[in-house]
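Each chain, letter by letter, is given below.
Protein chains: 4
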Amino acid sequence: MRIGVLTGGGDCPGLNAVIRAVVRKGVTAYGHEFVGFRDGWKGPLEGLTMPLGIQQVRGILPRGGTILGSSRTNLFKIENGVERVKENLAGLGVDALIAIGGEDTLGVATKLSDLGVNVVGVPKTIDNDLNGTDYTFGFDTAVNIAMEAIDRLHTTAESHHRTLIVEVMGRHAGWIALHAGLAGGANVILLPEREFDVDQVAAYVEKRFQHEYAPIVVVAEGAQPLEGQMVLQNQQLDSFGHVRLGGIGQWLAEQLEAKTGKEARTVVLGHIQRGGTPTAFDRVLSTRFGLQAIDAVNEGDFGKMVALRGTDIVRIPLIEGTGELKTVPLERYTEAEVFFGS
Amino acid sequence: MRIGVLTGGGDCPGLNAVIRAVVRKGVTAYGHEFVGFRDGWKGPLEGLTMPLGIQQVRGILPRGGTILGSSRTNLFKIENGVERVKENLAGLGVDALIAIGGEDTLGVATKLSDLGVNVVGVPKTIDNDLNGTDYTFGFDTAVNIAMEAIDRLHTTAESHHRTLIVEVMGRHAGWIALHAGLAGGANVILLPEREFDVDQVAAYVEKRFQHEYAPIVVVAEGAQPLEGQMVLQNQQLDSFGHVRLGGIGQWLAEQLEAKTGKEARTVVLGHIQRGGTPTAFDRVLSTRFGLQAIDAVNEGDFGKMVALRGTDIVRIPLIEGTGELKTVPLERYTEAEVFFGS
Amino acid sequence: MRIGVLTGGGDCPGLNAVIRAVVRKGVTAYGHEFVGFRDGWKGPLEGLTMPLGIQQVRGILPRGGTILGSSRTNLFKIENGVERVKENLAGLGVDALIAIGGEDTLGVATKLSDLGVNVVGVPKTIDNDLNGTDYTFGFDTAVNIAMEAIDRLHTTAESHHRTLIVEVMGRHAGWIALHAGLAGGANVILLPEREFDVDQVAAYVEKRFQHEYAPIVVVAEGAQPLEGQMVLQNQQLDSFGHVRLGGIGQWLAEQLEAKTGKEARTVVLGHIQRGGTPTAFDRVLSTRFGLQAIDAVNEGDFGKMVALRGTDIVRIPLIEGTGELKTVPLERYTEAEVFFGS
Amino acid sequence: MRIGVLTGGGDCPGLNAVIRAVVRKGVTAYGHEFVGFRDGWKGPLEGLTMPLGIQQVRGILPRGGTILGSSRTNLFKIENGVERVKENLAGLGVDALIAIGGEDTLGVATKLSDLGVNVVGVPKTIDNDLNGTDYTFGFDTAVNIAMEAIDRLHTTAESHHRTLIVEVMGRHAGWIALHAGLAGGANVILLPEREFDVDQVAAYVEKRFQHEYAPIVVVAEGAQPLEGQMVLQNQQLDSFGHVRLGGIGQWLAEQLEAKTGKEARTVVLGHIQRGGTPTAFDRVLSTRFGLQAIDAVNEGDFGKMVALRGTDIVRIPLIEGTGELKTVPLERYTEAEVFFGS
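Protein chains in written order, with the working numbering: chain B, 1 to 342; chain U, 1 to 342; chain Y, 1 to 342; chain X, 1 to 342.
No lab work stands behind these hints: they were computed from the structure. Check the hints yourself; a few may be wrong.
Identical copies go unnamed one by one, so any copy, or any two together, can satisfy a pair.
[What the hints assert, rightly or not] Calculated lysine to aspartate or glutamate pairs in the DMTMM-like style (CA-CA distance at most 25 angstroms, straight line): (1) LYS207 <-> GLU337; (2) LYS262 <-> ASP95; (3) LYS42 <-> ASP114; (4) LYS77 <-> GLU195; (5) LYS77 <-> GLU263; (6) LYS259 <-> GLU331; (7) LYS207 <-> GLU320; (8) LYS326 <-> ASP312; (9) LYS86 <-> ASP301; (10) LYS111 <-> GLU87; (11) LYS262 <-> ASP104; (12) LYS207 <-> GLU33.
Same shape as in the complex, but just chain B (with noise of 0.2 angstroms):
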């Protein structure tokens, strides 16, 4: 059998593990051939391949990001696109298909699948929100690196007394936030699925001083203020329109500033969170999915994606894993109220 495997999305540790445990097994135990496509879908689309065998996969388990590479090419809005796919599928003599990705990657797919294309998901996303699994590779090593962060702002913090803001990943759900500030022991946690007070926040930060410590507020970075309290200012937007770094975070020292009249300073991890050799968990949580991958190409077992249910790797059918974000369920946001402004 001859497989192919691309990886789409962004960055995030666990790739390479992926990767490794579906070549090294489906080799080995299968006598598969494999073809790698570059840069997700953009590979099998213009049939942009590499080797990929024993040899490519050697080493590459510590490693972060992909042997791959990437891309966030969407067959769906190119012309032809599903048409040329097939055809170069074909043309390379590509049985089956594992595409590494997130909800782009894994909705195309979904489609593809649709259209009879044998296809298997693996699940990926730094932000812990794709539906179907307990937790997604990346999201560890993500956590830990805020955390490790966090605990070193901790003693900046009390050597100033100042409120220290630390602006995590997490557009539309705040699970690095959330796990990350719990780790670290954040005074305030402010998450994209609730809409914060920014007085509220600056009376826990109070709070926190009058126990003569200083406050650590840890922020995803699509998280937002109550209606009306804050306008996005265009200077928050650099000339490309991406939100400037320290969107959010910024904004939000400049108010408790303000607000206490305490020195108040932002850090915005960005890409460190992404990058690097992956902890135990997600090592062992993509070698897990990769060798669960190639057994359902194996078994001729299409149309599904992998996934960690409790501490069993399942598969459940592709769409299920796609559809609505997997967000943070308020009572694991209460559950963590306890320890604000302590």
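Since the structure of chain B is already known, use the hints to place chains U, Y and X on it.
Relative to chain B, chains U, Y and X alone:
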């Protein structure tokens, strides 16, 4: 309500995080008072207490160890142990106990509960071998420490064309060996659950050298070779009868040197696996365990143990957690074998 | 003898290690007594003290920050500042002061010394830009944190064919950028000591992409382009007049995107470079500085600053440490240029 | 010019960084060609070579180990060793050699240089015991790894009221033990340079327990008790005559348990001290060593060794680096004693 808290058994990252969550929520959400019992069951047995309030739990979230101290005292092996504990609890006006510990500590808690003491248990074992919960805190930290050691050893193995053997914790269950071995890209993993054939291990090692790579063997301290392959010599016991450091690991190194003619060296990770700051996974898990435990006490839901099921923290009867050991199932071991020797 | 200790200026890993060494040796070897002054020069100025003995310094060696707190108060900008300090020292029976801080703090110490106060200085600057000492503690920690961030960013850069810009500390001296850039394998390093030609930087970036690798640019926050290449827009200042996070880094990203047509992203490490536990190098250096400082005080050798020369800790006149800034010499920069763009 | 490069002796973080710097500057700045010799002196002896150019050194800066492999082959113990090396160098058209290694490797280099071979040496020893240079690369990494282990062990020691003994590398010189012990806050440090009185060690341990804290003892593998206090039993030698893991550490644990009545446990760090990614200090030092070495070759300045003096990289006669061992001077040990037992 007046609540006693104790920690028993071996050191484990996350103990302080549990204590902090219990006290923080107990005081701020429910207005409870707390008594800290020192050194496990020895505390209530001998009335050894320490103050336990918001002040005492400040800043302990990231710290390994336990501010309450620990011991392996077993009440039921001490004359009138139970009576003395009941007297002391009554004397101190303690209405309920939160016992944080492993099989022994929770075993005592179970019996006390049957004898009418109000107890809630929090499962703790670095070996992850407690039934009823998907994971225990401390395990993820231990696996990461072992993985980082393995990452470091790869380069030494290859630069010197040597076999490197890493002996990790796990007398009866091989969870740490399995996960650290998978995460570290070990070429052979040996568990207590399954006697190994030292000739098969030597064959894997040979195969790895043929690929021009040096092998890493991860062995749990409790792993044993097939009947008759090893006689544990006295010289592997120290004068206190403890298994000498590098018992099985050292023995294996000698065997592999003899069988392969290639140098073999052993590294015994020992106590560094159980000390120090917890990972994010363990900090979040232990914090959530603590919050659930104090909720249970507050609701008078005694005789229960908190547990992780998927992403939820649930309560189960104490007895369920302290039945037989949760060992590594055969399929998990087989899953890993695809990486052996390659 | 009764000795006051204070820490001034910005947070820096190793401050607590200095305090611990001073107190430990002062008490056990010489029988001195100590007074902790809070928040830098504000302490002696306003008579803000805290107890400082063996108990207070237990366990602080690995902790970042300073148990004494810090501030940027400058006595000589306050009316009767010096008189008030002298009165407070006399009132508290303090015979000598150990001042731990950077150029400002030691500048004050130098003047006080000229005015007859018994002072010994310990140099502290994360930027490593103090004269008279080979290195200052905190610098090695900052460089390691920046290096680890760069290590993580390499994989993201390559997976996404992006330029990644890492903005590190260093307003006037580029030591952190130089060492972190060398250690992290940066493809361009930009320092405050030398205006850069943004077109040359773009050329290096292009060259790197031609090699099929993605570039990492390390830029010190104080680096500036050639005259006329950059106008610092208001939008890069926040409403408090602070340079907005990602000032130069963000500007550079926009320029490089425009000039190379490849995506560029900026990561601003900010305060995580100055908090948290010190590296071994910084713990040993700060401990040895503390031991030498208390020896100097004990011998009545005042008006001195401790310093590292090779592997020795020596004493030099305070004035020598607080003259002009120690910036990166041209030859050190040229030495690094061989790695640029390749 | 055609230049051979080899690495000899034990694994040491930074070897690859030296190789990378040599090749990068040699090719881009001087247009040299390179030949990689495999496995130390065995390479030129047996003509074992590998390609060594820009491609081969890409991405190796952060990697431990050596891409050239290593061995302990000593030419002068092999018949016609020198002649065969000279023939092979001539045959391969190699004009000069860069030898990276410790006392043995550089000792051979020194003799070859006297015999007219163009050699430049780069000092390498994890033990930091080479004369003529302030520090050697690899040492800082080893010290940090040992320090992190000690940090982790503190909490275990205190939670269990145990003595913990950490055995670190250092057969003849105690630099790692001294620096890791200082950095980790050890309560006793034992070096090969000075026989220890086990009763004095027990007294320090007792004193620490009286303070209600648990002691950490850092012992170099080569440390020895006073004459007559220890008889090294056969059972502490394995069947290959190597000192069994935990030789001195294990012996000390048994002694301290017997003398203090408190549990004592030993952790032997072993090879994890010499593998894996280098610290920033070691990456910068090894990179600068490499740049200086290729400059020396380019200038025809042979028979030299590069060395660190303060913040400068200098060249000294090879012979100066390979004279007697640089051991820990008494004053450095005395400096540390103020922390013992407290």
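Results of checking the hints against the structure:
1. For the identical chains of this complex, LYS207 and GLU337 are intra-copy neighbours only, at 14 angstroms inside a copy versus 44 angstroms across copies, given an alpha-carbon limit of 25 angstroms.
2. For the identical chains of this complex, LYS262 and ASP95 are neighbours neither inside a copy (63 angstroms) nor across copies (34 angstroms), given an alpha-carbon limit of 25 angstroms.
3. Taking identical chains as interchangeable, the C-alpha atoms of LYS42 and ASP114 lie at most 25 angstroms apart only when both belong to the same chain, with a minimum of 20 angstroms there against 61 angstroms between chains.
4. Proximity of LYS77 and GLU195 under a CA criterion of 25 angstroms is satisfied in neither setting, with 33 angstroms inside one chain copy and 44 angstroms between copies.
5. For the identical chains of this complex, LYS77 and GLU263 are inter-copy neighbours only, at 21 angstroms across copies versus 48 angstroms inside a copy, given an alpha-carbon limit of 25 angstroms.
6. For the homomeric pair LYS259 and GLU331, neither the shortest alpha-carbon distance inside one copy (29 angstroms) nor that between copies (48 angstroms) is at most 25 angstroms.
7. In this assembly of identical chains, the alpha carbons of LYS207 and GLU320 never lie at most 25 angstroms apart, being 44 angstroms within a copy and 42 angstroms across copies at closest.
8. Within a single copy, LYS326 and ASP312 get their C-alpha atoms as close as 19 angstroms, and across copies as close as 15 angstroms, so both meet the 25 angstroms cut-off.
9. Only within a single protomer do LYS86 and ASP301 lie at most 25 angstroms apart by alpha-carbon distance; the minimum there is 19 angstroms, versus 60 angstroms between protomers.
10. Proximity of LYS111 and GLU87 under a CA criterion of 25 angstroms is satisfied intra-copy only: 16 angstroms inside one chain copy versus 67 angstroms between copies.
11. In the homo-oligomer, the alpha carbons of LYS262 and ASP104 lie at most 25 angstroms apart only across protomers (22 angstroms), although the nearest pairing inside one protomer, at 43 angstroms, exceeds that limit.
12. Taking the closest pair of Cα atoms, LYS207 and GLU33 come within 25 angstroms of each other only across two copies (22 angstroms); inside a single copy the shortest separation is 62 angstroms, beyond that limit.
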